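K.L.:
Keeping the supplied structure of chain A fixed, place chain D upon it in accordance with the hints.
2 protein chains.
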Amino acid sequence: MNNFTYCNAVELVFGRNTHREIGAHITRACPGVKKIMVVYGGGSAVKSGVLPAVVQSCEQAGLAVAAKGGVRPNPGVEFVRECIDFARSEQVELILAVGGGSVIDTAKATAMGVPYEGDVWDFFCGKAQPQAALPVCTVLTIPAAGSEQSIRVVITNGSVKAGAGVGLLRPRVSVINPELFFTLPQRQVSAGVIDMMSHILERYFTNTTGVDFTSSEAEAALRVIMRNGLKLMERIDDYDAWAEVGLAGSFAHNGFFGLGHEEDWACHGIEHALSGWDDSIIHGEGLAVVIPAWMSYVWPANPGRFVRFAREVFGIAADQDEETTIKLAIAKFTAFLQQMNLPTKLSQLTEREVPIREIAQAAAGAGKLGHFKPLDVADVEAILTHAR
Amino acid sequence: MNNFTYCNAVELVFGRNTHREIGAHITRACPGVKKIMVVYGGGSAVKSGVLPAVVQSCEQAGLAVAAKGGVRPNPGVEFVRECIDFARSEQVELILAVGGGSVIDTAKATAMGVPYEGDVWDFFCGKAQPQAALPVCTVLTIPAAGSEQSIRVVITNGSVKAGAGVGLLRPRVSVINPELFFTLPQRQVSAGVIDMMSHILERYFTNTTGVDFTSSEAEAALRVIMRNGLKLMERIDDYDAWAEVGLAGSFAHNGFFGLGHEEDWACHGIEHALSGWDDSIIHGEGLAVVIPAWMSYVWPANPGRFVRFAREVFGIAADQDEETTIKLAIAKFTAFLQQMNLPTKLSQLTEREVPIREIAQAAAGAGKLGHFKPLDVADVEAILTHAR
Numbered sequence: 001m002n003n004f005t006y007c008n009a010v011e012l013v014f015g016r017n018t019h020r021e022i023g024a025h026i027t028r029a030c031p032g033v034k035k036i037m038v039v040y041g042g043g044s045a046v047k048s049g050v051l052p053a054v055v056q057s058c059e060q061a062g063l064a065v066a067a068k069g070g071v072r073p074n075p076g077v078e079f080v081r082e083c084i085d086f087a088r089s090e091q092v093e094l095i096l097a098v099g100g101g102s103v104i105d106t107a108k109a110t111a112m113g114v115p116y117e118g119d120v121w122d123f124f125c126g127k128a129q130p131q132a133a134l135p136v137c138t139v140l141t142i143p144a145a146g147s148e149q150s151i152r153v154v155i156t157n158g159s160v161k162a163g164a165g166v167g168l169l170r171p172r173v174s175v176i177n178p179e180l181f182f183t184l185p186q187r188q189v190s191a192g193v194i195d196m197m198s199h200i201l202e203r204y205f206t207n208t209t210g211v212d213f214t215s216s217e218a219e220a221a222l223r224v225i226m227r228n229g230l231k232l233m234e235r236i237d238d239y240d241a242w243a244e245v246g247l248a249g250s251f252a253h254n255g256f257f258g259l260g261h262e263e264d265w266a267c268h269g270i271e272h273a274l275s276g277w278d279d280s281i282i283h284g285e286g287l288a289v290v291i292p293a294w295m296s297y298v299w300p301a302n303p304g305r306f307v308r309f310a311r312e313v314f315g316i317a318a319d320q321d322e323e324t325t326i327k328l329a330i331a332k333f334t335a336f337l338q339q340m341n342l343p344t345k346l347s348q349l350t351e352r353e354v355p356i357r358e359i360a361q362a363a364a365g366a367g368k369l370g371h372f373k374p375l376d377v378a379d380v381e382a383i384l385t386h387a388r
Numbered sequence: 001m002n003n004f005t006y007c008n009a010v011e012l013v014f015g016r017n018t019h020r021e022i023g024a025h026i027t028r029a030c031p032g033v034k035k036i037m038v039v040y041g042g043g044s045a046v047k048s049g050v051l052p053a054v055v056q057s058c059e060q061a062g063l064a065v066a067a068k069g070g071v072r073p074n075p076g077v078e079f080v081r082e083c084i085d086f087a088r089s090e091q092v093e094l095i096l097a098v099g100g101g102s103v104i105d106t107a108k109a110t111a112m113g114v115p116y117e118g119d120v121w122d123f124f125c126g127k128a129q130p131q132a133a134l135p136v137c138t139v140l141t142i143p144a145a146g147s148e149q150s151i152r153v154v155i156t157n158g159s160v161k162a163g164a165g166v167g168l169l170r171p172r173v174s175v176i177n178p179e180l181f182f183t184l185p186q187r188q189v190s191a192g193v194i195d196m197m198s199h200i201l202e203r204y205f206t207n208t209t210g211v212d213f214t215s216s217e218a219e220a221a222l223r224v225i226m227r228n229g230l231k232l233m234e235r236i237d238d239y240d241a242w243a244e245v246g247l248a249g250s251f252a253h254n255g256f257f258g259l260g261h262e263e264d265w266a267c268h269g270i271e272h273a274l275s276g277w278d279d280s281i282i283h284g285e286g287l288a289v290v291i292p293a294w295m296s297y298v299w300p301a302n303p304g305r306f307v308r309f310a311r312e313v314f315g316i317a318a319d320q321d322e323e324t325t326i327k328l329a330i331a332k333f334t335a336f337l338q339q340m341n342l343p344t345k346l347s348q349l350t351e352r353e354v355p356i357r358e359i360a361q362a363a364a365g366a367g368k369l370g371h372f373k374p375l376d377v378a379d380v381e382a383i384l385t386h387a388r
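Going down the list, the sequences are from chains A and D. Letter 58 of the first sequence, counting from 1, is numbered 58 in the numbering used here, and no numbers are missing. Letter 309 of the second sequence, counting from 1, is numbered 309 in the numbering used here, and no numbers are missing.
With the rest of the complex left out, here is chain A (with noise of 0.2 angstroms):
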């Protein structure tokens, strides 16, 4: 096992109605604060009521309110560059999402971008460390990112969707109410599902090492999500489901999963050139179609790894050989994700050819890709030329 260090200091607040006692948990957690910055996506936010619910309990609690909507899907720097600005005349001190991933996204970015003299994007291409932050906190509306529990933020400009890490971004407070997911159209609850997974994924097989306790752990995250994805599909208003699946996701990009040991995170290297070359496709929806042809291309670097992935997480018994053990888990969950009405090919991603090439090149091209295969440009145009 590696040596590490680790805190996850976020507090989860987990359950129905949580929503409407965000204010108080503010005013706890984050003592002094007085004004804040509720950032938001489309009307969904307002028309359901959580948005008016989020905001009274915040006046409520004494939290003067400065409201700012409009985030899209793989938000891009221009829109932070907004959200500081608002910030910064606004002069708020904390700053609260009431969204998902690209929701909580942009409010990190945010938070870190109002004290800082230079421009944002300076943290996402490497120019600068962020020294200091506004404090975060987030009210889920949407399960798949993780960023309510995570150090990251991921940001688009132009064709680069960068992200960036430090612990300062990690949000204090986080609400969960899985009765909030009761609305999410199917496409986004399936796309979450994969994501979360990816998250887990992405640490499990460079457990190389061989730690036994965040294997085991991983693995038991991935059949409580699979198992309780598919009964989402039945029923998009089963709390409990909800509840797993929400808590499970949340835990799944915290950093647990990784305890002892190297990830990866080509898989999201190569899904961030997919849908920077074309924003239109949904970050989980990519995924879908990537990691299945990641595992196709990459699992002679570590047989044994997708041995124990085939056994423990999808029960294949041992009693045959390696290569036809690891072949059928990657059915079995290539078959999951067609159950969850996920693409796992290109050609039912999008309708335009992909520039495989150039996707390759913008995902590999500045060094090698990930841990347990490091791949080049060759590798993956090969992966993506397989998920065609």
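These aren't lab readings, by the way, just hints derived from the structure by calculation. Fair warning: this is a prediction, and the values are worked out from it, not measured in the lab. One thing to keep in mind: the hints can contain errors.
[To be verified] Chain D is faced by these chain A residues, among others (derived, beta-carbon under 8 angstroms):
no., residue
1, 72
2, 182
3, 219
4, 243
5, 277
Ideal Cβ placement from N, Cα and C applies to all residues, glycine included.
P.N.:
Relative to the frame of chain A, chain D by itself:
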């Protein structure tokens, strides 16, 4: 799933040599602190070189150190009062525990006693709730109690062993270096393994609202602790096995495995009455006797929960009747304890005649014990009689 609020803000520093870095972690996590009190147990921390290395690390980080040794197993309130006086006269601002659960609990009790005007026992007999506490940090030398991540503290007063729990007792920084466990006596290894398993089991069986995520994560952790605990019986200096046991055992008591459902703690209540009666009883050994007897007595209250335990923790196929499956699981659990050289009967625990009625009265006389099956005095008597 029940609503819950959860925040585990410990900074966990894990791995080889990490105890030599504690000073820098303290000054970063608790800026402004200038003088600390180091609490430890017997001479082994000095002889092994751990204490001098820790003190040196703190002094190099610019911290003044006042050291207080002499904590004994099942630490008593008199010694805690002594520590509080010492901390006040030395005007320390933080308590650093170097040891196992007894040392950490002494540190926690001292930390909440220092700013309190009344007697520290008030917090354990229900007379007062702590409103403030000095920050606590830990360097773990015995993995077992999970106190390095937990909000709990247990102290003995005469024959009464009582606990308290409050968020402000959660350590700020906890260092776990598995190398420090290589010199533990075998008896302490085994007692530690069942102690950490018990922290999961006390949460696992009461998961009756059926939270799949915490059930599955708990089962995975139990399997990991059992697999690696047995490895330690073969080789006490197996770093990786210790890393697994140390990591799983530390998460066992931080609240993670109890998310979304009730907890039990009946076995701890009975064991505390036992080691309150005879403080030569090692907590883990007492648990090894109590838990199988508790299982045999309570399972009819929710057989489905025990069938899941049988299937997921011991891989027992559910192709036989419920009772046979459950009894087989309890037999396998007991066999594991025996492989760990633990006592599983009162007669193996102590040569003295155990006053069963008196112990049962101490455990459940003040009100029913536990939640899986709330136990009265007669129930506890029956369990202890079964454990003879």
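K.L.:
State for each hint whether it applies.
P.N.:
Do the hints match the structure? See the list:
no., hint, result
1, 72, "violated, 31 angstroms"
2, 182, "violated, 15 angstroms"
3, 219, "holds, 7 angstroms"
4, 243, "holds, 4 angstroms"
5, 277, "violated, 36 angstroms"
In summary, the numbered hints that this structure violates are 1, 2, 5.
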